[in-house]
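Based on the provided sequences and hints, a complete structural model is requested.
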Amino acid sequence: GLFLDKHIYPKYRDWFIKDFTRGVLIKWIEDDYSRLPGTAFNLITYISAAWKYASIRELIPAEIANPAFGVKKMLVDSGFKLRKSENGYKMTLEEADVGKLIAAIKDSYTDNNINPIAVAVIEMILHTGARRNEIQTLRFDEIDYEKRLITKRDPGKNGLTRYIRLSDAAISVLDQAAVVRVRKDRQSDEWVFPSGRAGHKNAHSTAVNEYLRRVGTKCGMPTLKPHNLRSLYINLAIDAGVPVPVVAENVGHSNVMTTMLHYLKNKQSSLFDGINTVGELLSKIGTMED
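First residue of the sequence shown: 1, per full-length UniProt numbering; consecutive thereafter.
Hints in this document: simulated from the structure, not taken from any laboratory. Treat the hints with care, since some could be wrong.
Derived Cβ-Cβ restraints for the label pairs, each shown as a range [said to hold, decoys possible]:
{"#": "1", "residue 1": "184", "residue 2": "254", "range": "33 to 41 Å"}
{"#": "2", "residue 1": "190", "residue 2": "62", "range": "42 to 50 Å"}
{"#": "3", "residue 1": "168", "residue 2": "24", "range": "46 to 54 Å"}
{"#": "4", "residue 1": "113", "residue 2": "36", "range": "21 to 29 Å"}
{"#": "5", "residue 1": "76", "residue 2": "243", "range": "15 to 23 Å"}
{"#": "6", "residue 1": "60", "residue 2": "240", "range": "29 to 37 Å"}
{"#": "7", "residue 1": "179", "residue 2": "18", "range": "54 to 62 Å"}
{"#": "8", "residue 1": "217", "residue 2": "12", "range": "34 to 42 Å"}
{"#": "9", "residue 1": "140", "residue 2": "62", "range": "46 to 54 Å"}
{"#": "10", "residue 1": "19", "residue 2": "217", "range": "41 to 49 Å"}
{"#": "11", "residue 1": "178", "residue 2": "73", "range": "30 to 38 Å"}
Every residue, glycine too, gets a C-beta built ideally from N, C-alpha and C.
This is the structure:
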């Protein structure tokens, strides 16, 4: 998995389980993840769950304590931030702000300080609600233009085949990506969004987070992350009246409750729409003749 390959194995692959103590975990989080509170939170959660799984199945000695037990509270009590905000990656915007975000994305295609291939990845995430890794690792053979469907080669987070449906706008982004590949001389027979640098260890685009921060700065959202765009897609879809089960299917959630956890009820226009709808209904009922 991502956490094993990217975070745990590079540093602790050769360690004995008994040596990976709570103290080791706390120091690791404090030293390496002080600027990545969301990753720190998820990493502790992952380690705790993996340890419980192994312990229940007697894959590790029962006397070896779960190193993640109580770590979140200890870190928070010491002043370490495990979340950047109360809502985490949840995000909703008023239409005017969505417009500013879209304008910033469009403007960034010609910004010399921003890789236009990464911009295409960003725009594709916004138009599909897909996960960052699902888009930046997109291969040509995963796209069926006739069916307007992406079928990811590797199973998704829930172990199921991941299908990403393509709107007209998403198809247009793929067309834009083709233009950008030619302009940047980054043609690829495999990757839709190839790395912006020749000879990079990853042949596909990777530096999306940094470029999204630059895009976000243009529209007053300097802390923007790819998962914010995914959450924004969910909120826009639900506010537009798309049934929650349909939204869940489109973003790859196996449970609609996961989708609803992304939904924020603090969008002022939606709140007023809600009270106005009820007000109109009550007025209509009040004027009905017996």
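To see whether the hints hold, each was checked on the structure:
Evaluation of the 33 to 41 Å hint for residue 184 and residue 254 yields a pass: the beta carbon distance comes to about 37 Å. Range check, residue 190 to residue 62: about 47 Å between beta-carbon atoms, so the 42 to 50 Å window is met. In this structure the supplied range 46 to 54 Å holds for residue 168 paired with residue 24, their Cβ-Cβ distance being about 51 Å. In this structure the hint that residue 113 and residue 36 lie 21 to 29 Å apart at CB holds, the actual value being about 23 Å.
For the hinted restraint 15 to 23 Å between residue 76 and residue 243, the CB-CB distance of approximately 37 Å leaves it violated. Between residue 60 and residue 240 the C-beta distance comes to about 48 Å, which lies outside the given range of 29 to 37 Å. For the hinted restraint 54 to 62 Å between residue 179 and residue 18, the CB-CB distance of approximately 55 Å keeps it satisfied. Separation of residue 217 from residue 12 is about 35 Å and conforms to the stated range, judged on CB atoms against 34 to 42 Å.
A beta carbon spacing of about 50 Å between residue 140 and residue 62 agrees with the range 46 to 54 Å that was offered as a hint. Against the hinted window of 41 to 49 Å, the Cβ-Cβ separation of residue 19 and residue 217 comes to about 42 Å, which satisfies the hint. A hinted range of 30 to 38 Å is violated for the C-beta pair residue 178 and residue 73, which are about 50 Å apart.
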